[in-house]
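Asker: One letter stands for each residue in the lines below.
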Amino acid sequence: MIILENLGVALALLGAVLAALWAGIGSSIGVGIAGEAAAGVVTEDPAQFSKVLLLQLLPGTQGIYGLLIGFVTLTQIGVMGGSADISVIKGALYLAACLPMAFVGYKSAISQGKASVASIGLVAKRPDQFGKAMIFPAMVETYAILALLISILAIFGIGGLAI
Amino acid sequence: MAVVTMKKALICGMKKDRQAVLDFLQRQGVLEIHPAVEDDGVFQKTETLPQKTEGERAAALARQALDVLNQYAPEQKGLLSAFEGRQILSVDRYQEMRDQCPQTQEVVQKLLDLSKEIGEKRGSLPRLEQQREELVPWSSFDLPLDFSGTQETQAFIGSFPEALTVQGLMEALAEKTEAPVEAELVSSSQMQSCFFLLCGRKDGPAVESALKELGFQRAPASSATPARRTRELEEETQRIQEEIRQTEQAIRDLASWREPLKFLMDYYQMQAEESQALGTLAQSQNVFLLSGYVPASQAEALGNALNQRFQVCAEFSDPDPEEDVPVLLHNNKFAEPVEGIVEGYSLPGKGEPDPTSVTAPFYYILFGLMLSDAAYGLILVAACAYAMKKCPRMEAGMKRTLRMFLYCGISTIFWGLMFGSFFGDAVNVIATTFFNRPDIRLAPLWFEPVSLPMKMLVFSFALGIVHLFTGLAVKLYSLLKSGDVADSVYDVVFWYMLAGGCIVYILTMPMMTGMLELSFTLPSAVGVGAAIVAAIGLVGIILTSGRESRSWGKRLLKGIYGAYGITSYLSDILSYSRLLALGLATSVISTVFNQLGSMLGNSIPGAILFVLVFLIGHTLNLAINAMGAYVHTNRLQYVEFFGKFYDGGGRKFQPFAVHTKYYNVKEDLQS
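Heads up: the protein sequence lines correspond to chains B and V, in order. Just so you know, we're using the numbering used here here: the first sequence kicks off at -18 and counts up by one. Just so you know, we're using the numbering used here here: the second sequence kicks off at 25 and counts up by one.
It is possible that part of the hints are untrue.
[What the hints assert, rightly or not] Here are some of the chain B residues that sit facing chain V, going by a computed Cβ distance under 8 angstroms: (1) L38; (2) T42; (3) I45; (4) Y46; (5) F52; (6) V53; (7) M61; (8) G112; (9) I116; (10) A119; (11) T123; (12) L127; (13) L129; (14) L130; (15) L134; (16) F137.
[Claimed, not checked] Pairs of lysine-lysine residues, derived as DSSO-like cross-links and limited to a Cα-Cα distance of at most 30 angstroms, are as follows: (17) V:K668 x B:K32; (18) V:K499 x V:K374; (19) V:K76 x V:K32; (20) V:K676 x B:K113; (21) B:K113 x V:K668; (22) V:K685 x B:K32; (23) V:K140 x V:K101; (24) V:K685 x B:K113; (25) B:K32 x B:K113; (26) V:K374 x B:K106; (27) B:K32 x V:K676; (28) V:K76 x B:K106; (29) V:K685 x V:K134; (30) V:K76 x V:K676; (31) B:K32 x V:K101; (32) B:K113 x V:K423; (33) B:K113 x V:K499; (34) V:K505 x V:K374; (35) V:K414 x V:K101; (36) V:K101 x V:K413; (37) B:K106 x V:K676; (38) B:K32 x V:K423; (39) V:K32 x V:K374; (40) B:K113 x V:K357.
It should be emphasised that the hints constitute simulated quantities derived from the structure, not laboratory data. Remember, it's a predicted structure, so these values are computed and weren't measured experimentally. Each residue gets a CB set at the ideal place from its N, CA and C atoms; glycine is no exception.
Please model the complete structure; the sequences and the hints are all you need to start from.
Answerer: See below:
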């Protein structure tokens, strides 16, 4: 059965795609809601453009981390060139390794987007407090970074396993 | 290297010199005015709010006029205009421009009037357009639309809100009235059909009511035929548009007034500030009294300058320890750029040292580690250096920020070389794809984080521990300086023992060192020693961190809660894993773009694709990752580092000065 023979690489690819997919969706939502708030501020005070733009972009990093995990997985399993010969169990491991980034990326990007909206409101009222406003969304991102860390360590670790 | 010492200034002078003294102080910009004397029988404050409001209003009007001018005659701006800073104005030129103010004021009024005129004219255009559209269905009709009939006949010109034929209309009419009616269809569409109806004069009222029941609407009345009326409307539209163009030209003709307008805006802004300062003066019949804070280093020069110019008495004294003295930071060239970051958190509170000089080196290192690409660092350095060279008059704050990114860029280059990243793996990709030399690559001076992520993670944690312990050291320093030796042992030394002991103990466990891929494991004897040190620290913390409570039970409970704070050290250290994550993000995304670009291989389309993808991709990557590095460096400084020792809460030194947008008339004390 050709499907069973190639199930490993299929599972691994599924993991790579899920990481890029969910983290990307989360970031789109987060950057989207922050963008709405940012556009509102700029109608009142165009001088705040650069500040609110920065705040809007903060929830965008999860999408990048998702891409990163997706890409690293693709290179590890040989889809980007090389042999794509992965055992079923290894494929399943890759899939599992990608999940932290997929789940945490999705949820944290949305939450970070909401924190960004609040911070954009803060900057609109008190532009001098930009330094602090930036920190609130960045606090949320810590968890995306931790998920990225686990995903990436797991992916590199799986490559060295002899199963 | 620290918070600037302030002197309290008390200046007493003749009332006649009041204006001149204030003018002088405003141009110097070294004194923060602070009301000191309350109203009493002798000294009183003047109410200056109306003057201040008036100045602000005039400044706002000038600003509006300037906006109008910029809308119709946009100013030519260079790429670097945002960095250029204010023009410097000599005192002579200042006088000259000030004398010109009345004329400029007229221009302001003229500009605002012209802009209003354009607004009104633009507003009338839609109405004309609508009238013209109403006439479109009637365009083939050759009678005036207000034609009401002849002596014997009555005419109805109008439309029904549905598609109707002549026959359909006649049938519908026959049901309502028996009067003979002649109908002619002028035009018809899905939405409406236009008819010309004729009946005998005596049947008029009956026909009219029948038509009304059918939903008849009279055509827009006009004494000209539809075709002529349409032409008239078109001509009027054109006339108004021409007038708008002329008015716009009139505004553009005033473009030469742009500089005076800018000056006027600044001038009124200065007036408003001066009025505000005037309001804080205590004045008696002949004398005024002014108090405030001035940096100690400039106090003497200010006093001398005042004495030379005016009949005043300036006295400088040390402020009371209780007083809320404003904070001004002063640091060397290396640390100064980070002052803005410290200010973004909070300025040092009473008795706190200025953290800028310890923050600065870590700031540059952490930023460089997160961006970690030699090429991106080069771009950053080149861009900042270029902007700083091109715009020597740049505002101090902007200059500081650019210098900060310049230093961050240098650090980025350093770490990029350490990790062998130059536009990611561009060197290798270009050599492989276009020159068929896969052996050429930029070798890292240290190691590649992508291939050894665990090593990078350990390095990040180690740097984090150094960073956190430095924060604790600053706390130790400031506690010792203020003489709280016991507190320094309780709050710092015990923590050093506990956290440090735990870390060393972890390094003696083969499981942990294996996991962290370290090449060494400390002998277990060290572990025992470390455990003892940590235990002493722990006991010390439990016994002392609730020391403000009297009862021992409460004190111990608080102590145990205090010791629970060790978990915050764990999360703080883990937080530095972002150094690895962000560093990897930069290099992996660069790699993605390089791979994408080299997909078509070594051919002409391949080279074109590579250049395109390379330019767009790396611009994007640099922008996103530089932003990420900035935000997360700030976070590590604010949350992890400052959290260990720094409270802030100081008030910023805001001297009475010229806070203008376009011109700067500051003169130096020496002149």
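Asker: State for each hint whether it applies.
Answerer: Each hint, compared with the structure:
{"no.": "1", "hint": "L38", "in the structure": "holds (6 angstroms)"}
{"no.": "2", "hint": "T42", "in the structure": "holds (6 angstroms)"}
{"no.": "3", "hint": "I45", "in the structure": "holds (6 angstroms)"}
{"no.": "4", "hint": "Y46", "in the structure": "holds (7 angstroms)"}
{"no.": "5", "hint": "F52", "in the structure": "holds (5 angstroms)"}
{"no.": "6", "hint": "V53", "in the structure": "holds (6 angstroms)"}
{"no.": "7", "hint": "M61", "in the structure": "holds (7 angstroms)"}
{"no.": "8", "hint": "G112", "in the structure": "holds (2 angstroms)"}
{"no.": "9", "hint": "I116", "in the structure": "holds (6 angstroms)"}
{"no.": "10", "hint": "A119", "in the structure": "holds (4 angstroms)"}
{"no.": "11", "hint": "T123", "in the structure": "holds (6 angstroms)"}
{"no.": "12", "hint": "L127", "in the structure": "holds (7 angstroms)"}
{"no.": "13", "hint": "L129", "in the structure": "holds (5 angstroms)"}
{"no.": "14", "hint": "L130", "in the structure": "holds (5 angstroms)"}
{"no.": "15", "hint": "L134", "in the structure": "holds (6 angstroms)"}
{"no.": "16", "hint": "F137", "in the structure": "holds (6 angstroms)"}
{"no.": "17", "hint": "V:K668 x B:K32", "in the structure": "holds (28 angstroms)"}
{"no.": "18", "hint": "V:K499 x V:K374", "in the structure": "holds (14 angstroms)"}
{"no.": "19", "hint": "V:K76 x V:K32", "in the structure": "holds (26 angstroms)"}
{"no.": "20", "hint": "V:K676 x B:K113", "in the structure": "holds (16 angstroms)"}
{"no.": "21", "hint": "B:K113 x V:K668", "in the structure": "holds (17 angstroms)"}
{"no.": "22", "hint": "V:K685 x B:K32", "in the structure": "holds (20 angstroms)"}
{"no.": "23", "hint": "V:K140 x V:K101", "in the structure": "holds (27 angstroms)"}
{"no.": "24", "hint": "V:K685 x B:K113", "in the structure": "holds (26 angstroms)"}
{"no.": "25", "hint": "B:K32 x B:K113", "in the structure": "holds (12 angstroms)"}
{"no.": "26", "hint": "V:K374 x B:K106", "in the structure": "holds (27 angstroms)"}
{"no.": "27", "hint": "B:K32 x V:K676", "in the structure": "holds (22 angstroms)"}
{"no.": "28", "hint": "V:K76 x B:K106", "in the structure": "holds (23 angstroms)"}
{"no.": "29", "hint": "V:K685 x V:K134", "in the structure": "holds (23 angstroms)"}
{"no.": "30", "hint": "V:K76 x V:K676", "in the structure": "holds (23 angstroms)"}
{"no.": "31", "hint": "B:K32 x V:K101", "in the structure": "holds (22 angstroms)"}
{"no.": "32", "hint": "B:K113 x V:K423", "in the structure": "holds (22 angstroms)"}
{"no.": "33", "hint": "B:K113 x V:K499", "in the structure": "holds (22 angstroms)"}
{"no.": "34", "hint": "V:K505 x V:K374", "in the structure": "holds (14 angstroms)"}
{"no.": "35", "hint": "V:K414 x V:K101", "in the structure": "holds (14 angstroms)"}
{"no.": "36", "hint": "V:K101 x V:K413", "in the structure": "holds (18 angstroms)"}
{"no.": "37", "hint": "B:K106 x V:K676", "in the structure": "holds (19 angstroms)"}
{"no.": "38", "hint": "B:K32 x V:K423", "in the structure": "holds (18 angstroms)"}
{"no.": "39", "hint": "V:K32 x V:K374", "in the structure": "holds (16 angstroms)"}
{"no.": "40", "hint": "B:K113 x V:K357", "in the structure": "holds (25 angstroms)"}
In summary, the structure agrees with every hint in the numbered list given earlier.
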